[in-house]
Each structure stands twice: as structure tokens, then as C-alpha cells.
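Q: Per the working numbering, the sequence shown starts with residue 1, numbered consecutively.
By construction, these hints were calculated from the structure, which means they are not laboratory data. Here the structure is a predicted model, which means the values were calculated and not measured. We put the CB at the ideal spot given by N, CA and C, even for glycine. Be careful, since some hints might not be right.
Quick list of simulated restraints, FRET-style, between CB atoms [said to hold, decoys possible]: (1) P32 to R72: 48 to 54 Å; (2) Y80 to G40: 22 to 28 Å; (3) L71 to V50: 45 to 51 Å; (4) V18 to E67: 21 to 27 Å.
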Amino acid sequence: MIKVRTALNQLLWLVGLVTPLAILTAWLFPEPAIRICALGLAGTLVIATVIVYLILLFRDPNRLQSEEYRLRELEIRTIYRKGESGHIIESSGDEPRIEQYPEVRHNGDRS
């Protein structure tokens, strides 16, 4: 099961549920006023989602990342701020981790 939590999830769920129902309503009811309102609602939701996506893309692209990704990034930044030396190792399937560099002696030999 895929779990992705971004700033757009709620809006995407709303669009995914309401838009097909609005299109179905416009198709079932012959009255022009109902058709215009239903299609207008569907179109407005889709356009609003695209606008919100573009705003987040340019102002705060990290909010488009998953919550898990953002927490890992924060954890790694916190480790680096504490002054620990090392580099990030991420092999496929494993969680990213920081490995320490070997200490260098004054004569240039590594221990």
C-alpha cells in the first residue's frame, strides 16, 4: 500500500471524489442550470488544484514531498548541525544513515 502525505492530499481527494460525481450529475440532469453548475464545480476544483500545486512548487517545494521524506531530511540536517563528521549512505531498501569518516593521522596514514 502506498502512503504519501503531502500538502495536496486533501485537495486531491476532494477533486477525485467530487469531479466524477459532478460530471455524472451534469450528464443525468437535462436542465441547463444544473449542468452548468455541476461542470463549473468540477472545473473550478481542478483549476484550483493546479493553482495550489504551482504556488507550492515555486514558494515551498518541500511541502510537495512526503511527510516521511521531510522528517528524514530534518533528522539528517540536525545531525550535521551537531557537528558530527560523516557522510550519508543510502543503499536501496535501507534507511539513510551516517557513517563516520576514519580519522586521519598527522603523517597522512588513516587509522
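Q: Of all the hints numbered above, which does this structure not satisfy? Sort the numbers upward.
A: 2 and 3
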